[in-house]
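Novice: Each chain, letter by letter, is given below.
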Amino acid sequence: DAGVTQSPTHLIKTRGQQVTLRCSPKSGHDTVSWYQQALGQGPQFIFQYYEEEERQRGNFPDRFSGHQFPNYSSELNVNALLLGDSALYLCASVGGTDYNEQFFGPGTRLTVL
Amino acid sequence: DQQVKQNSPSLSVQEGRISILNCDYTNSMFDYFLWYKKYPAEGPTFLISISSIKDKNEDGRFTVFLNKSAKHLSLHIVPSQPGDSAVYFCAASEAAGNKLTFGGGTRVLVKP
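Here the protein sequences line up with chains A and B, keeping their order.
Using our numbering, read the first sequence as starting at 16 and increasing by one per residue.
Using our numbering, read the second sequence as starting at 953 and increasing by one per residue.
Treat the hints loosely; a few may be bogus.
If you want the ones that stay clear, here's a sample from chain A, every Cβ over 10 Å from chain B, calculated [stated by the list, open to error]:
1) A17
2) V19
3) Q21
4) K28
5) S48
6) P76
7) D77
8) R78
9) N86
10) S88
11) A95
12) L96
13) S101
14) A102
15) Q117
16) G120
Once the Cα atoms are required to be at most 20 Å apart in a straight line, the calculated EDC-like pairs of lysine to aspartate or glutamate come out as [stated by the list, open to error]:
17) B:K1006 x A:D113
18) A:K28 x A:D100
19) B:K1006 x A:D100
20) B:K1020 x B:D976
21) B:K1023 x B:E994
22) B:K1006 x B:E967
23) B:K1063 x B:E967
24) B:K1008 x A:E116
25) B:K1008 x A:D113
26) B:K957 x B:E1046
27) B:K1008 x B:D983
28) B:K1023 x B:D983
Here chain A is said to cover these stretches of chain B; the calculated rule only asks that three of the stretch's residues, wherever they fall, bring their Cβ under 8 Å from a Cβ of chain A [said to hold, decoys possible]:
29) 992-999
30) 1021-1031
Quick caveat, the hints were computed from the structure, so don't treat them as lab data.
Ideal Cβ placement from N, Cα and C applies to all residues, glycine included.
Throw the hints in and build the complete structure from the sequences for me.
Specialist: Laid out in structure tokens, this is it:
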């Protein structure tokens, strides 16, 4: 049973560029959340998708957008990259019979130069 | 406004002894509390959770205690093992499956 998978593992971009990160949830999960973890800090909630709609959103600018597909996989898009967007981006999924336990993927390390 | 705080950035403990990690929160709407362990270059791994209707939950070597009146929770690891060396995050949500608010983490080092 595959857990949460994310791609790519690492990514290097320059300021002003756009990036797309991808996430496949754990089998049987229908809800996907995205988090940003800066170095030395705890993960910060970006947004959550359920039934292809953004259900909750954290305190992130509109440059951060997302999408959920009918197979529950999800994308995170970041436009006009800033140096401060450099971070580990984590995807988490939840669903099935236990809605309390959120499973995290290994993350995508984004470096903005 | 940091709604979840882990005031100890690091903790060092001898193998076989107890590790106690603490977490404080300010949002009285939080209803579920979770602990995650994180190794470098990996995503957080779920350890144990507790809902606000309970004050204790055990799973093997891990026990979480919740004191709602003090808005405080703690994670006890007994006995501590070298493989427990990692960063531990406390997280809270207002409802199951909802967004998680994380603390800043506590780095635990278990010495052989």
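Novice: For the pair supplied as a hint, B:K1006 and A:D113, confirm whether the alpha-carbon distance does not exceed 20 Å.
Specialist: Since the Cα atoms of B:K1006 and A:D113 sit roughly 17 Å apart, the hinted pair holds (cutoff 20 Å).
Novice: Hey, B:K957 versus B:E1046, does the alpha-carbon distance stay inside 20 Å?
Specialist: Roughly 16 Å separates the two Cα atoms, so the pair holds.
Novice: For A:A102, is the shortest CB-to-CB distance to chain B above 10 Å, so the non-interface label stands?
Specialist: Given a closest Cβ separation of 13 Å, the condition holds.
Novice: Closest CB-CB distance from A:K28 to chain B, is it above 10 Å?
Specialist: holds, 20 Å
Novice: Please work out if A:K28 and A:D100 have their alpha carbons no farther apart than 20 Å.
Specialist: Holds, because 10 Å separates the two Cα atoms, which is no more than 20 Å.
Novice: Can we confirm that no CB of chain B comes within 10 Å of the CB of A:S88?
Specialist: Consistent with the label, A:S88 stays out of reach of chain B, its closest Cβ about 16 Å off (over 10 Å).
Novice: Evaluate the condition: distance from the CB of A:G120 to the nearest CB of chain B exceeds 10 Å.
Specialist: violated, 5 Å
Novice: Can we confirm that no CB of chain B comes within 10 Å of the CB of A:S101?
Specialist: Holds: least Cβ distance 16 Å, greater than 10 Å.
Novice: Beyond 10 Å from every chain B Cβ: check whether that's true for A:L96.
Specialist: holds, 22 Å
Novice: Is the Cα-Cα distance between B:K1020 and B:D976 20 Å or less?
Specialist: holds, 10 Å
Novice: Holds or violated: is the Cβ of A:N86 farther than 10 Å from all Cβ atoms of chain B?
Specialist: A:N86 clear of chain B: closest Cβ-Cβ about 19 Å, beyond 10 Å.
Novice: Check the non-interface label on A:P76: least C-beta distance to chain B beyond 10 Å or not.
Specialist: Answer for A:P76: holds, closest chain B Cβ roughly 17 Å.
Checked against the numbered hints given earlier, this structure breaks hints 2, 3, 5, 15, 16, 19, 21, 22, 30; the rest are met.
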